[in-house]
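Here's the letter readout for the chains.
Protein chains: 2
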Amino acid sequence: MSMETVSENACFGGVQGVYRHESTACNCAMTFGLYLPPAAGQKDVPVLWYLSGLTCTHENAMIKAGAQGWAARHGIAVIFPDTSPRGDGVADDEEYDLGQGAGFYVDATESPWSPHFRMWEYVTRELPELVFSEFSLDQGSQGITGHSMGGHGALTIAMTRPDTYRSVSALAPIANPTRTAMGRKQFAAYLGHDPDRWSLHDSTVLMRKKGYPGPILIDQGEADPFLEHLAPSALADAISSVGQDAEFRMHKRYDHSYFFVASFMEDHVRHHAERLHAG
Amino acid sequence: MSMETVSENACFGGVQGVYRHESTACNCAMTFGLYLPPAAGQKDVPVLWYLSGLTCTHENAMIKAGAQGWAARHGIAVIFPDTSPRGDGVADDEEYDLGQGAGFYVDATESPWSPHFRMWEYVTRELPELVFSEFSLDQGSQGITGHSMGGHGALTIAMTRPDTYRSVSALAPIANPTRTAMGRKQFAAYLGHDPDRWSLHDSTVLMRKKGYPGPILIDQGEADPFLEHLAPSALADAISSVGQDAEFRMHKRYDHSYFFVASFMEDHVRHHAERLHAG
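Protein sequences appear in the order of chains A and B. Under my numbering, think of the first position of the first sequence as 31, with each following residue one higher. Under my numbering, think of the first position of the second sequence as 31, with each following residue one higher.
Just so you know, the hints here were simulated from the structure itself, not pulled from any lab data. Don't take every hint at face value.
A pair holds if it fits inside one copy or across any two, identical chains being indistinguishable in the list.
The calculated DSSO-like cross-link candidates involving lysine-lysine, where the alpha carbons are at most 27 Å apart (straight line), are [what the hints assert, rightly or not]:
#1 Lys-282 - Lys-94
#2 Lys-240 - Lys-215
#3 Lys-94 - Lys-240
#4 Lys-239 - Lys-215
Remember, predicted model here, so these are calculated numbers, not experimental data.
Bound conformation, chain A alone (with noise of 0.2 Å):
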């Protein structure tokens, strides 16, 4: 695989570096973004990957969350990658919730989507396999957050891949798509109408189903104007009945913007730390 410097800036000791490189899975040119700790120059660092929501492209975390001031601290790395396949001969949608900028982590198999929408093939298996081969990271110590569409990519490619995720945490995340209005709308977009191959994409139902191997934080706002889309009672409510470990958190006056995420950010990257250093 080929590689394309598109900027490399210092940022708090380290380097905050943006690539693209052509990815099959998505079968076009795809950008994303990379910090490297100061402590990445002694050694190979674990890795936390922020998945981005809607509209989102690798850029937006990148700029305004604030992750990085923290991941330099902890001596971990921080990967963003975009939301979605992108180009001109990519099929896209009027709305914002579908198509480009809309990849929820998934891989499409229906038309026009699925010559390149396959979000969950290149989140979890080709942009890895890249990154681990050009970077100093530490392939065995990964964990994965990311908010809104992000936060359910986060918690659903964890849940199903607890050997390689080896710590997760969620910001405001799509908790229960199988059973919204936006949800159903993509999956049905994507995936078609079989509800076995939506449910391995529900954060809700792999909850009750399987849960994760260890702690999860989630965090979310009681002014989110999208809680409908999120549904995070029915998240808190699987949570509680199968008695995951975990802590969901409700924050007074938050809404759905970055200043929300970057509230909350030194929370997240402690709790990935805490456990990726672990070793």
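Start from chain A and add chain B according to the hints.
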């Protein structure tokens, strides 16, 4: 004066607001950001003015600089003014370093700029009057900082009005504009050809003439691509020759971006908080 709330988001336990008002100084509507820390609920809090650089609005630093978390911890507010008047009726230039987004924190005397470009008056008189009447802020405890053109604004304003601004710092300031091609172009456009007027707005000249009655913190990246416009060594020489109490830090590998700004924001907020809380 009337003021309109554009947005308010919970942020690090406080509120990041954006407000709009009709400015008499700039003769147009102006927008600014204000971060109120949690402590603002109990008492009037100190204020840090953050002046932004060329091309920025009130929004860039508010989103990218990561100041709010540190301001919350130290119990100080941060104000993010816009960098110029704006609107269809406001003069502009096709270059990024003149006109809208490039107010340079001076009161223009020349055509076509003088009807609106009065950013010195706006930042030092009109906007303070508004915010101190509308919010729970301690008018007796103000500090000022900024980046690039905003670092120029912070240093020149603080040295001119040290009784008002009890602490000052700057990140990659435009430090000697009377001697650089870009600075001379801007001064000629806004202020005409009287060198005495230019000198009132040059940090290096003001440092040699009066200095500042307190310690100054300045950070500058050595990999900054705009060093010829910034002229940090001229200011460093002036600081050294007059014996100004200052920490002028040059940072290897750092450039001019917000990744640089965010990396050192903790130190700047602490620098101000220590002085503003000293009473």
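Same-copy or cross-copy closeness of Lys-239 to Lys-215 [CA-CA at most 27 Å]: within (23 Å within a copy, 68 Å between copies)
message: Within a copy, between copies, both or neither: which one fits Lys-94 and Lys-240 at a CA-CA cutoff of 27 Å?
response: Result: close neither inside a copy nor across copies, 33 Å intra and 39 Å inter.
Alpha-carbon proximity context of Lys-282 and Lys-94, limit 27 Å: both (21 Å within a copy, 24 Å between copies)
field: Status of Lys-215 relative to Lys-240 across identical chains (alpha carbons, at most 27 Å)
entry: For Lys-240 and Lys-215, only the intra-copy Cα distance (25 Å) is at most 27 Å; the inter-copy one is 67 Å.
Violated hint: 3 only; the structure is consistent with all others.
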